[in-house]
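Novice: In case you want the letters, here they are:
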Amino acid sequence: MTKRSTFLATDHIDVVAGNGLMSRRHLITRGAAVTSALGAGSLMALRSSASAGSEVLTIPEWMKVPGRDFEPYGTPSRFEKLTRNPRTPLQFLDGMITPSGLHFVITHNGVPDIDPDQHRFLIHGLVKRPLVFTLEALERYPRSSRIVFLECAGNSRALYSEQPVKGDAQSIHGLLSCAEWTGVSLALLLDEAGIDPRAKWLLAEGADAAAMSRSIPLAKALDDAFIALYQNGEPLRPANGYPMRLMVPGYHGNMNVKWLRRIELTEGPMMTKDETSHYSMLLKDGRVAQFKFPIDGKSVITRPSPGLTMNGPGFYEISGLAWSGNGKVVKVEVSADGGHSWADAALSEPVLSKALTRFRLPWHWNGGPAVLQSRATDDTGYVQPTREQLIAKRGNNAFYFNNAISSWAVAASGQVSNVYV
Amino acid sequence: MSTYKWIIASAFAVVGGTCAAANVDGPHLGRVVTQADIAAWDISIAPDGTGLPAGAGTAKQGEPLYVARCAACHGIKGDGQVGQTAPPLAGGFGTLTGDKPLKTVGSYWPYATTLFDYVRRAMPAIQPESLTNDEVYALAAYVLYLNHLVGDSDVMNAKTLPKVKMPNRAKFFVVYPNKRL
Numbered sequence: 001m002t003k004r005s006t007f008l009a010t011d012h013i014d015v016v017a018g019n020g021l022m023s024r025r026h027l028i029t030r031g032a033a034v035t036s037a038l039g040a041g042s043l044m045a046l047r048s049s050a051s052a053g054s055e056v057l058t059i060p061e062w063m064k065v066p067g068r069d070f071e072p073y074g075t076p077s078r079f080e081k082l083t084r085n086p087r088t089p090l091q092f093l094d095g096m097i098t099p100s101g102l103h104f105v106i107t108h109n110g111v112p113d114i115d116p117d118q119h120r121f122l123i124h125g126l127v128k129r130p131l132v133f134t135l136e137a138l139e140r141y142p143r144s145s146r147i148v149f150l151e152c153a154g155n156s157r158a159l160y161s162e163q164p165v166k167g168d169a170q171s172i173h174g175l176l177s178c179a180e181w182t183g184v185s186l187a188l189l190l191d192e193a194g195i196d197p198r199a200k201w202l203l204a205e206g207a208d209a210a211a212m213s214r215s216i217p218l219a220k221a222l223d224d225a226f227i228a229l230y231q232n233g234e235p236l237r238p239a240n241g242y243p244m245r246l247m248v249p250g251y252h253g254n255m256n257v258k259w260l261r262r263i264e265l266t267e268g269p270m271m272t273k274d275e276t277s278h279y280s281m282l283l284k285d286g287r288v289a290q291f292k293f294p295i296d297g298k299s300v301i302t303r304p305s306p307g308l309t310m311n312g313p314g315f316y317e318i319s320g321l322a323w324s325g326n327g328k329v330v331k332v333e334v335s336a337d338g339g340h341s342w343a344d345a346a347l348s349e350p351v352l353s354k355a356l357t358r359f360r361l362p363w364h365w366n367g368g369p370a371v372l373q374s375r376a377t378d379d380t381g382y383v384q385p386t387r388e389q390l391i392a393k394r395g396n397n398a399f400y401f402n403n404a405i406s407s408w409a410v411a412a413s414g415q416v417s418n419v420y421v
Numbered sequence: 001m002s003t004y005k006w007i008i009a010s011a012f013a014v015v016g017g018t019c020a021a022a023n024v025d026g027p028h029l030g031r032v033v034t035q036a037d038i039a040a041w042d043i044s045i046a047p048d049g050t051g052l053p054a055g056a057g058t059a060k061q062g063e064p065l066y067v068a069r070c071a072a073c074h075g076i077k078g079d080g081q082v083g084q085t086a087p088p089l090a091g092g093f094g095t096l097t098g099d100k101p102l103k104t105v106g107s108y109w110p111y112a113t114t115l116f117d118y119v120r121r122a123m124p125a126i127q128p129e130s131l132t133n134d135e136v137y138a139l140a141a142y143v144l145y146l147n148h149l150v151g152d153s154d155v156m157n158a159k160t161l162p163k164v165k166m167p168n169r170a171k172f173f174v175v176y177p178n179k180r181l
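As you go down the protein sequences, you meet chains A and B in turn. Sequential numbering of the first sequence, starting at 1, is according to my numbering. Sequential numbering of the second sequence, starting at 1, is according to my numbering.
Hint data in this document are derived by calculation from the structure and do not stem from the laboratory. Bear in mind that the values here come from a model prediction, so they are computed numbers and not experimental data. Any given hint could turn out to be false.
To be verified - With a straight-line cut-off of 25 Å between C-alpha atoms, the simulated DSS-like cross-links for lysine-lysine are:
#1 B:Lys100 with A:Lys166
#2 B:Lys179 with A:Lys328
#3 B:Lys165 with B:Lys77
#4 A:Lys393 with B:Lys179
#5 B:Lys60 with B:Lys165
#6 B:Lys171 with A:Lys284
#7 B:Lys100 with A:Lys331
#8 A:Lys284 with B:Lys100
#9 B:Lys163 with B:Lys60
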């Protein structure tokens with residue numbers, strides 16, 4: 001009796017946690033077969049009972065005429081209708097990279113139409129030599145690439161509401177994206193300007209109509225901040241900061257200032273509108289937690305999720321994203337019974353610090369009600385909290401940084417919805 | 001995974017430690033500028049008032065400006081009434097620990113200097129960078145007046161604005177670098 005021949009037969013499934021969660025070994029040993037089968041099907045449908053049928057295969061029309069010419073800049077198939085709103089449609093994507101056109105966008109007064117030749121980037125304040133750079137000058141600096149996630153601090157704030165909202169992965173968790181960013185080390189440029197030892201912070205400012213500005217600790221700038229010029233291999237998209245943006249890996253989205261035009265080294269934070277009025281957490285006792293920067297360890301199941309209706313009992317792959325602004329994801333556990341039992345998911349390579357990590361776990365759905373959850377652990381030992389734990393500490397008005405475990409209920413009908421457990 | 005690290009950049013940073021070597025080896029393609037060159041860009045205001053320009057204004061002077069240039073979006077009293085497209089600027093005192101906290105300049109903001117900094121750089125949203133420094137002082141005075149934090153004839157300038165006592169200031173605490181919540 002080999003596992004191959006009995007892979008989908010319920011009586012031989014290697015169930016490792018409640019409600020049909022299978023061992024991730026099924027993915028590791030047969031990953032290719034499972035992935036390609038799922039890729040071919042629409043949405044999630046892959047039923048163990050789907051083998052029977054009477055479809056006669058014919059030659060499709062598109063094989064009988066020459067294809068059309070390709071466009072100078074490729075666009076998705078006309079059958080794919082993915083849109084950002086401005087949130088990323090996480091439930092329809094796979095892998096760890098967000099296509100640039102679907103990267104989430106938040107602006108504070110629209111997307112500026114910047115002529116790259118006229119754009120200037122200034123470093124001043126507590127430096128020996130204030131410096132102005134053109135894009136052309138920056139293009140000549142040594143570059144590096146890094147895959148980094150960006151998440152708006154206001155993402156998943158629906159989980160602060162008393163009652164579960166009606167929504168899907170995109171509307172609740174879609175202020176989350178990940179791209180390969182290429183650019184120039186900020187430490188290198190600051191070094192050329194000559195850092196005054198009194199400098200402990202810097203102010204980063206965009207060239208948009210809000211001149212959006214944020215204070216950032218100098219230690220972070222010297223650690224791993226960089227100025228991105230390229231996103232997924234091409235110049236940044238305007239909505240994501242063309243022609244240059246600051247990247248502070250792991251720190252919440254707003255601090256990765258887009259359309260970067262100015263960095264001023266300072267002794268202390270400037271207390272800008274977006275670090276006082278916004279992006280601060282109002283706790284239940286009325287105190288306000290300010291300058292929380294990194295995104296804590298977090299995960300969300302993107303498939304199944306609301307809108308992706310299950311197509312009858314049988315085999316499904318549970319898949320989702322995990323990330324931490326403090327380092328690498330080391331473990332993602334999945335539950336199908338609302339957190340009573342958990343199984344370790346497989347993490348898709350590459351698993352990178354401060355990047356999205358794709359996780360997967362095979363599941364045999366028995367057709368009954370289930371509640372799917374995922375829980376991330378990062379390499380600092382931090383474990384993603386339950387919603388109850390998070391709200392006990394902060395109350396319901398904190399608005400930002402909600403990284404609680406999120407729950408999708410699967411009904412017998414196959415409908416999936418956002419719930420609290 | 002070495003391609004994801006800043007190998008080249010950190011190599012330069014090390015070289016930069018010795019000044020002579022940095023001049024030879026670093027790209028050094030930034031143009032050195034003077035304070036006069038960058039004055040128009042040097043707009044940030046620190047919470048102690050550093051950076052506040054010359055000029056002054058009162059709430060009385062600010063009121064007509066507010067009505068003409070701000071009220072359409074923020075409401076005539078700036079207090080978050082229906083129909084407004086922009087956040088409320090006034091009121092909300094005593095709501096922050098309730099079910100529906102109303103965060104405004106008066107009820108929530110820790111520093112009055114932020115008001116000058118933000119209005120000058122970003123408001124009015126349809127025409128940013130169009131106010132004079134006197135106008136920004138007058139508008140800051142008016143928004144503070146709407147929150148009963150200054151009188152209608154109190155002069156706001158580089159000296160007085162940083163001294164305005166913001167009632168919610170003591171509630172702010174800093175999480176960076178190590179506090180977990």
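Novice: Verify the proposed pairing of Lys179 of chain B with Lys328 of chain A, using a straight-line Cα cut of 25 Å.
Specialist: Holds, because 20 Å separates the two Cα atoms, which is no more than 25 Å.
Novice: With a cut-off of 25 Å on the C-alpha distance, tell me whether Lys100 of chain B and Lys331 of chain A pass.
Specialist: Given that 25 Å is the threshold and the Cα spacing comes to 37 Å, the pair is violated.
Novice: Below or equal to 25 Å on CA atoms is what counts here, so check Lys171 of chain B against Lys284 of chain A.
Specialist: holds (12 Å)
Novice: Within 25 Å, alpha carbon to alpha carbon, are Lys163 of chain B and Lys60 of chain B?
Specialist: Status holds; Cα separation ~19 Å.
Novice: Take a quick look at whether Lys60 of chain B and Lys165 of chain B sit within 25 Å of each other, Cα to Cα.
Specialist: holds (20 Å)
Novice: Just to be careful, I want the Cα atoms of Lys100 of chain B and Lys166 of chain A compared with a cutoff of 25 Å; is the pair within it?
Specialist: With a Cα-Cα distance of about 20 Å, the restraint between Lys100 of chain B and Lys166 of chain A holds, given a limit of 25 Å.
Novice: Does the alpha-carbon distance linking Lys284 of chain A and Lys100 of chain B stay inside the 25 Å limit?
Specialist: Since the Cα atoms of Lys284 of chain A and Lys100 of chain B sit roughly 11 Å apart, the hinted pair holds (cutoff 25 Å).
Novice: Sort out whether Lys179 of chain B lies within 25 Å of Lys393 of chain A, counting only the CA atoms.
Specialist: holds (13 Å)
Novice: CA of Lys165 of chain B to CA of Lys77 of chain B, is that 25 Å or under?
Specialist: Holds, at about 21 Å.
Checked against the numbered hints given earlier, this structure breaks only hint 7.
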